[in-house]
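Novice: Sequence:
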Amino acid sequence: MSTFNTSEFRKGLKVQIDGNPFIMIECNFVKPGKGQALYKCKLRDLNRGTVLERTYKNGDELEAADIHETDVTFMYAMGDTFYFMEKETYEQYELDKEKIDDAWKYLLPEVECKMLLYNDAPIGITPPPHVTLRVEYTEPAVRGNTATNVTKPATLETGAEIIVPNFVETGELIKVDTRTNEYVERVKG
Numbered sequence: 530m531s532t533f534n535t536s537e538f539r540k541g542l543k544v545q546i547d548g549n550p551f552i553m554i555e556c557n558f559v560k561p562g563k564g565q566a567l568y569k570c571k572l573r574d575l576n577r578g579t580v581l582e583r584t585y586k587n588g589d590e591l592e593a594a595d596i597h598e599t600d601v602t603f604m605y606a607m608g609d610t611f612y613f614m615e616k617e618t619y620e621q622y623e624l625d626k627e628k629i630d631d632a633w634k635y636l637l638p639e640v641e642c643k644m645l646l647y648n649d650a651p652i653g654i655t656p657p658p659h660v661t662l663r664v665e666y667t668e669p670a671v672r673g674n675t676a677t678n679v680t681k682p683a684t685l686e687t688g689a690e691i692i693v694p695n696f697v698e699t700g701e702l703i704k705v706d707t708r709t710n711e712y713v714e715r716v717k718g
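To convert, count from 1 in the sequence shown and add 529; that's the numbering used here.
The set of hints was computed from the structure by calculation and includes no laboratory data.
Heads up, some of the hints might be wrong.
Taking lysine-lysine and the PhoX-like style, the derived pairs with C-alpha atoms no more than 25 Å apart in a straight line are [said to hold, decoys possible]: (1) Lys616 <-> Lys543; (2) Lys543 <-> Lys643; (3) Lys569 <-> Lys543; (4) Lys586 <-> Lys540.
Estimated spans, in silico, between C-beta atoms of each pair [unchecked claim]: (5) Pro657 <-> Ser536: 29 to 35 Å; (6) Pro561 <-> Leu637: 47 to 53 Å; (7) Val716 <-> Lys643: 19 to 25 Å; (8) Glu615 <-> Arg577: 21 to 27 Å; (9) Pro694 <-> Lys586: 49 to 55 Å; (10) Pro561 <-> Pro657: 41 to 47 Å; (11) Pro561 <-> Thr655: 35 to 41 Å; (12) Lys616 <-> Glu592: 27 to 33 Å; (13) Gly578 <-> Glu711: 19 to 25 Å; (14) Lys586 <-> Glu665: 49 to 55 Å; (15) Ala593 <-> Glu641: 25 to 31 Å; (16) Ala593 <-> Ala670: 49 to 55 Å; (17) Ala670 <-> Glu623: 38 to 44 Å.
Just so it is clear, the structure is predicted and the values come from calculations on it, not from any experiment.
All residues carry an ideal CB built from backbone N, CA and C; glycine is no exception.
Let's have the full structure, built from the sequences with the hints guiding it.
Specialist: Laid out in structure tokens, this is it:
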């Protein structure tokens, strides 16, 4: 199995610690006045979602995790279980709501996602950067309230709630940025 030396440490690196897959979410190089250079790292456990803070000395190594991404299509959800199908092999995967985290907010049938596989078992998904969703309910706009940047909450067809501009109405299609959970624009439908 391959390893990563401290000189290769960077954000987004996928490593294995004590048999569990981690992704490096932060790595800072520290050179104290005396002594050896240090690498202060924050790693997120891809199975549990917990964050681990570790300090490594120059020359330390971490084992590479057998993680790869594959393109999948969301098929349906049944209870707290979500079902996906790989586009090329038609292999089906299931993930529980805990491993999907907040991505459920953007999942409609036929939405294409990236699935993370660790030792060929699914451990998480990444939705597309932008999705188009219908506004199920939002308060009507208040007449005369034309001040800039007036916002209100809206419930989307997936059950997610986001903040939208005052002019957005129930039934409209809107584009949502899945990385920030923010309104982008209205979509003509």
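Novice: Compare the structure with each hint and give your call.
Specialist: Hints, one by one, checked against the model:
About 24 Å separates the Cα atoms of Lys616 and Lys543, which keeps this hinted pair within 25 Å; it holds. Of the pairs offered as hints, the one joining Lys543 and Lys643 holds, with about 16 Å between alpha carbons and a cut-off of 25 Å not exceeded. In summary, the hint linking Lys569 to Lys543 is supported, as the alpha carbons are separated by about 16 Å, within the 25 Å threshold. Distance check on the hinted pair: Lys586 and Lys540 sit about 17 Å apart at the alpha-carbon level, within 25 Å; holds.
Here the CB-CB span from Pro657 to Ser536 is close to 34 Å, well matched to the stated 29 to 35 Å. The given range of 47 to 53 Å is respected by Pro561 and Leu637, whose C-beta atoms sit roughly 52 Å from each other. Taking 19 to 25 Å as the suggested C-beta distance range, the pair Val716 and Lys643 conforms, at roughly 23 Å. The hinted range of 21 to 27 Å is satisfied by Glu615 and Arg577, whose Cβ atoms lie roughly 25 Å apart.
The hint said 49 to 55 Å for the Cβ distance between Pro694 and Lys586, and at roughly 51 Å that hint holds. Between Pro561 and Pro657 the beta carbons are some 43 Å apart, a value that agrees with the proposed interval 41 to 47 Å. Between Pro561 and Thr655 the Cβ separation comes to about 37 Å, which falls inside the hinted range of 35 to 41 Å. A hinted range of 27 to 33 Å for the beta carbons of Lys616 and Glu592 is consistent with their spacing of about 30 Å.
Distance hint for Gly578 and Glu711: a CB-CB separation of about 22 Å, consistent with the stated range 19 to 25 Å. Remark: the range hint 49 to 55 Å for Lys586 to Glu665 is upheld by a beta-carbon distance near 54 Å. Between Ala593 and Glu641 the beta carbon distance is about 27 Å. The supplied range of 25 to 31 Å therefore holds. For the pair Ala593 and Ala670, the beta carbons lie near 53 Å from each other, so the given range of 49 to 55 Å is met.
Between Ala670 and Glu623 the beta carbons are some 41 Å apart, a value that agrees with the proposed interval 38 to 44 Å.
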